[in-house]
Amino acid sequence: MRHVALMANGVRHELEVEPRELLVYVLRERLGLTGTNVGCDTSSCGACTVLVNGEAVKSCTMLGVQADGTEITTIEGLATNGELHAVQQAFHDHHALQCGYCTPGMVLAAVSLIDSGAATDEAAIREGLEGNLCRCTGYHNIVAAVADVAGVA
Amino acid sequence: MAVTETTGTFMGTSVRRKEDAGLLRGRTTFVDNLTLPATVFMAVVRSPYPHARITSVNLDAVRAAEGVVAAFSGADLAQDWTGGLPCAWPVTEDIKMPTHYPLAVDEARFQGDGVAVVVAESRALAKDAAELVEVDYEPLGSTADVEKALEDGAPLVHDDLGTNECYVWKLDSGDVQAAIDAADVVVTRRYFQPRLIPNAIEPRGVLAQVGPTDEVTLWSATQVPHILRFALQLVIGIPESKIRVIAPDVGGGFGSKLNVYAEEALAVTLARRLGRPVKWTEERTENYQATIHGRDVVHELTFAATSDGTITAVKSIAKCAMGAYLQLVTPGIPLLGAWIYSGPYDIPNYSVTFTGVFTHTTPTDAYRGAGRPEATYVIERTMDALARELGVDPIELRRKNFVKEFPHTMASGLTIDAGDYDACLERLLELLDVDAIKADQASRRAGGDAKQIGVGFSTYNEMCGLAPSRILGAIRYAVGGWDAATIRFQPLGSVQVVTGTSPHGQSHETTWAQIVADQLGVSVDEVEVLHGDTAVSQQGMDTYGSRSLTVGGIALYHASQKIVGKARAIVAHQLEVSEDDLEFENGAFAVKGSPDRSMDIKAAAFQAHAAHNLPDGMEPGLEETAVFDPPNFSWPSGAHAAVVEVDTETGDTRLVRYVAVDDVGTPVNPQIIDGQVHGGITQGIAAALYEEGAYDEEGNLLTTTMTTYLVPSAAELPSYETDRIETVADNPLGVKGVGETGTIAAAPAVVNAIVDALSHLGVTDVPIPATPERVWRAIEEVRS
Ligand code: FES
Ligand code: FES
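So the protein sequences, as listed, match chains A and B.
Note that the numbering used here numbers the first sequence so that position 51 is 67, with each residue one more than the last.
Note that the numbering used here numbers the second sequence so that position 93 is 95, with each residue one more than the last.
Rather than coming from a laboratory, the hints here were simulated on the basis of the structure.
None of these values were measured; they are calculated from a predicted model.
Think of the CB as a built atom: it goes at the ideal place given N, C-alpha and C, for glycine as much as any other residue.
Be aware that one or more of the hints could be misleading.
With a cut-off of at most 20 Å between alpha-carbon atoms, the simulated DMTMM-like pairs for lysine to aspartate or glutamate come out as follows [unchecked claim]:
id, chain 1, residue 1, chain 2, residue 2
1, B, K172, B, D96
2, B, K20, A, D57
3, B, K440, B, D395
4, B, K129, A, D57
5, B, K20, A, E45
6, B, K129, A, E45
7, B, K129, A, E37
From the derived model, a few chain B residues whose C-beta atoms are all more than 10 Å from chain A [as the list claims (entries may be wrong)]:
id, residue
8, D34
9, E149
10, P214
11, E398
12, A438
13, S445
14, I473
15, Q492
16, Q563
17, Q673
18, D676
19, H680
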């Protein structure tokens, strides 16, 4: 067991984690942040994407112990005072989610993409979201939502 | 179409989804998010062999391992089953139906077949412990090939059946042989449609709790809570009246969760044995082996035509892989396409033959479109082949053969209520600008460019909205195809709708509220839609086959009419007028000619609950249920086109444009329809270009993860151009299904486009998925 201190959605947590425990399970099973989903076992689907120090990371590719000292934002922490983040709002307006299972990861990947300035046009948005799979929407409305927020629609 | 009295304000508008509030904030109830006190975790040990005798299962080490609560072999649990996992569709009288217990007992018949189960205090401990189970296997011969499995001497999946032939099913009408003999042109083509793995991004998961007197609560990532409840009684012997199935938030299904799975029965049985809640979450690799696959069909399709391009006969012969066992509707999947091998065309002579074949593979079953993409693919590819043979434009050939008048009874015997195939195609051509594409193509060909461009079409009709119960009975499906709706006014005027459909991405909480709000003259915000819990929604037939709107949605309409009828009686009684003197509009009943004398429906609801002054004999309350059994299927149709660019040096294909015009009847929520179309198209494109669940000859799955099974990302796809035409379906709302249209239409459009791009080189076919290697080989073959 290793001691880990991290901030999750603005709340400080100190906990003992097994060295092999993946961050996604630390979030889901230890901190009760079940908004972050798991869709694969090969780091392929992106459903588990969260922000670590502001950058999108697939939380199944990172160990809990590696999160020591980091600030993590999960989907539960994205809205402020009940107000949806612009990307969440755009997903709602553009119908960019159906079953919603890919959505937490997709939204956080989009936030990171837009914040990094890389969402410069449709092709860049499509490339930038390559690591996040959605089986429902065909991406059309996801791309439209992200383009809208990025101001490249 | 019946006329409703209320003026609709929500039908046809893109109301934003109610579902999003929780889903966008991560406040979700996916099964894996749920845990109960004292929950234990299940892991399933699966056969690494496609076919093997299980000579021993040693559980000593695992039982002694840290955190292990229990471990069982298939033999240990054999006494728990009152029946095998059910197959509800024995398509012929003499179909071979192997028994399928939740764990294999003496033989494993596909890679991934469960042979033992371990229960431990945590997910990780269960997984670790599963590694300690020692199973001795004696590998046996096996085959994954649907044609080889029928050859003499092929390894049998079920020895006791004496054959791998599960069934032969035929539908004949007219005289196909005479039409072929008399034809000027006969075109026969062979196609293999490989396995597709549905890949709902949420894997399956279950959580089972069983009380001391066998009260079962099962949370499952399922599309079919009602069917599952029914099936559980058959497998575990606990009466349905004690079983509550809850489908909470469910992360996509596409048919893969339209089933009754071993793990559902196992979790319940273990929870019953252990007295603790049992949870299981599927891993993706497990999902690829243990959740059903789609397709895996070899077709030979023949069209007979006169020299002017009139198609006189269609004949289809198909061998359809069942996999190792029959899951819920495995044998019936081909039949869902059986009536539409004439496509949107008027073809008088008709013959369809399916042979169901056991192979040592994961069972097949419903995957988006189920039977109809299979049929549409071979029809639309062969339309292009026939056009080439006749030397006519493929668009002209389609137009010439389109059904023009509706209702239209097809040679297969079913009747299409409404459509306008020409209008769909015309609108598509307006959006597409074929001349510009053909000019580009001509200049690239003239220039000998490495990158060639092509355009391909797919005009389709489909049969969905499952289904009229009498027809289901006639084709040997075990249960009905109706659905139920209850509408309940609460005393203070809010409305609860209980539906028997079970959405998992389809947006029923929003669209059902739109339908009901319009009928009752209330706001969408005042209507709460409840679903997916058999304790709340006690009857229903769930969500699949694009049935929810045309069956469950029409049930809502009828329940609304009953509500309005009862409210009208209350208002008439209290205002002391006759019911005929009342007009109902915008949620209020007014006396004709004296609009100041009125009562709104919410006031009537309060009166119904107060019951101080109701007509004699009327029961208090304002709650009505309707069960609707559709008289016909639903018949969406459309015209789709794909434009591709093919690199003739590498075989790499890029989809440049995709244009779709669909007729899905009167729209309820255009934005949600578009979403269904986008998602459906994407799965069809994926089948054409990327996805294949590949086995080696023996039945070892080669595509075991998302790194080798290529679910496309946003980067591989373009944005889509979509539009609709509307013909009014023969039901009170004029609506048609939409969930599967895109998947049915897209694959042949894409492959026809690839062939068009390469036709000047002499390429006439490319196997799917049309990977760069396959396209390159197709080019090389005609070059050499
Ligand atoms: S769970 Fe699929 S990438 Fe992390
Ligand atoms: S919305 Fe269902 S997987 Fe993306």
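* Would you list, in rising numerical order, the hints stated earlier that this structure does not obey? => Those not satisfied are hints 2, 5, 8, 17, 18 and 19.
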